[in-house]
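Residue numbers (the UniProt record's numbering), protein chains in the order written: chain P, 1 to 181; chain Z, 1 to 159.
Since the hints were derived computationally from the structure, they do not count as laboratory data. Cβ coordinates follow ideal geometry from the N, Cα and C atoms, glycine included. Among these hints, one or two may not hold up.
Chain P regions said to be covered by chain Z (calculated; three or more residues, Cβ under 8 Å) [said to hold, decoys possible]: (1) 65-74; (2) 94-101.
In silico DSS-like links for lysine-lysine, alpha-carbon gap of 25 Å or less [said to hold, decoys possible]: (3) Z:LYS44 <-> P:LYS28; (4) P:LYS11 <-> P:LYS105; (5) Z:LYS149 <-> P:LYS171; (6) P:LYS143 <-> Z:LYS149; (7) P:LYS171 <-> P:LYS110; (8) Z:LYS126 <-> P:LYS92; (9) Z:LYS113 <-> Z:LYS26.
Next come the chains, spelled out residue by residue.
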Amino acid sequence: MELNELQNSWKGIKTPRLTDQQIYTMIKQNDHPSLQKGQKQVLIESACFIIFLFLYYTMLDGNKKPFYINAILVGTVMLNIIQQLSVFALNKNIGAADNIRNTLKGYSGKLSRYYIFTIVTRLGLMAGIIIFSTYNIVWDTNKIILLALLMAVFSIQLFFFHKLWKSRIDKVREDVLYFRD
Amino acid sequence: MEEARFLELIQTFQPMLYKISRIYRKSREDQEDLLQEIIYQLWKSHRSFNGSAQVGTWIYRVALNTALADFRKKRPPVQYPDQLPDMGTSQEEEDNREARLINALQQLPDGDKTIIMLYMESLSYKEIAAITGISENNVGVKLNRIKSKLQNILSNGTE
Numbered sequence: 001m002e003l004n005e006l007q008n009s010w011k012g013i014k015t016p017r018l019t020d021q022q023i024y025t026m027i028k029q030n031d032h033p034s035l036q037k038g039q040k041q042v043l044i045e046s047a048c049f050i051i052f053l054f055l056y057y058t059m060l061d062g063n064k065k066p067f068y069i070n071a072i073l074v075g076t077v078m079l080n081i082i083q084q085l086s087v088f089a090l091n092k093n094i095g096a097a098d099n100i101r102n103t104l105k106g107y108s109g110k111l112s113r114y115y116i117f118t119i120v121t122r123l124g125l126m127a128g129i130i131i132f133s134t135y136n137i138v139w140d141t142n143k144i145i146l147l148a149l150l151m152a153v154f155s156i157q158l159f160f161f162h163k164l165w166k167s168r169i170d171k172v173r174e175d176v177l178y179f180r181d
Numbered sequence: 001m002e003e004a005r006f007l008e009l010i011q012t013f014q015p016m017l018y019k020i021s022r023i024y025r026k027s028r029e030d031q032e033d034l035l036q037e038i039i040y041q042l043w044k045s046h047r048s049f050n051g052s053a054q055v056g057t058w059i060y061r062v063a064l065n066t067a068l069a070d071f072r073k074k075r076p077p078v079q080y081p082d083q084l085p086d087m088g089t090s091q092e093e094e095d096n097r098e099a100r101l102i103n104a105l106q107q108l109p110d111g112d113k114t115i116i117m118l119y120m121e122s123l124s125y126k127e128i129a130a131i132t133g134i135s136e137n138n139v140g141v142k143l144n145r146i147k148s149k150l151q152n153i154l155s156n157g158t159e
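Bound conformation, chain P alone:
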């Protein structure tokens, strides 16, 4: 295929037409499938954190522990709720700087900040739960195993998060490099 032919073939590609109503539906956030799906997941996880905050004080003997231990746990859980909700800001607007390279550069920075914030808040939550649950505890083998299991679950979750987001950030950085003179 010659290059002129290439341009002609490109211009000749048949495209379906969307109606005004279909476009209107697409621009309404509530009808946006990927955002809706993400929204649901974030809201469910945030609701779980909030329920935990309401229940832990009596169910997990928070009332028998000092104020600062409760404050650490509540603080780390609250930070995780903020982290969950911050993903909306990330997806809502990719940005439109003066050119593609600058937009992707800005977006890559945004992704990196979200990645670091998530890692820090998750590590904080892990520390908060460990401090809370091990305060004034009499250790035995079962409790040590339970704590090790809890740490393993957190670590696996963090590992997969790191793997996924590292590849996303690397992909955007690769594109930024491509558009560098």
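Model the placement of chain Z on the given structure of chain P, informed by the hints.
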């Protein structure tokens, strides 16, 4: 920009938006998601469009930014036949030619897709440079490389 004007703009540019979603995503479902994401991102950023650039330039920029930055689960690619059938109607030949071109473009790295797409849309080197952020000279250098990659893919099925 009011809603009616925005809808009118999308109607004008939707063939280009549709083609972008076809070369950046392989499965039909991913293409539809990307098209929707592009239109959504255009709507979200239309208020920040101050008219200093041409509206077409702004649409290319937002659409390509979205295609490059949008992450979706990879679905199995649609496989197109490598060979044209021996005999066929002109419509079939045209469809095959279109499928071969899209298939070849899908095989290019994302950055290459951006440059060649703008070239096929008949934009000048200057306009491509302004949209992407690279110099006009570099546009020329990259285009030559992409063209030869594309020729190889179209003739041999690989870069």
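Hint check:
1. 65-74: Three-residue rule not met by the stretch 65-74 of chain P, so violated; n is 0.
2. 94-101: holds (count 7)
3. Z:LYS44 <-> P:LYS28: holds, 10 Å
4. P:LYS11 <-> P:LYS105: violated, 31 Å
5. Z:LYS149 <-> P:LYS171: Holds: LYS149 of chain Z and LYS171 of chain P sit about 21 Å apart, inside 25 Å.
6. P:LYS143 <-> Z:LYS149: Given that 25 Å is the threshold and the Cα spacing comes to 61 Å, the pair is violated.
7. P:LYS171 <-> P:LYS110: Holds, at roughly 14 Å.
8. Z:LYS126 <-> P:LYS92: Violated - the C-alpha atoms of LYS92 of chain P and LYS126 of chain Z are around 31 Å apart, more than 25 Å.
9. Z:LYS113 <-> Z:LYS26: At roughly 13 Å apart (the allowed maximum being 25 Å), LYS26 of chain Z and LYS113 of chain Z satisfy the hint.
In the structure shown, a violation is registered for the earlier hints numbered 1, 4, 6, 8, in ascending order.
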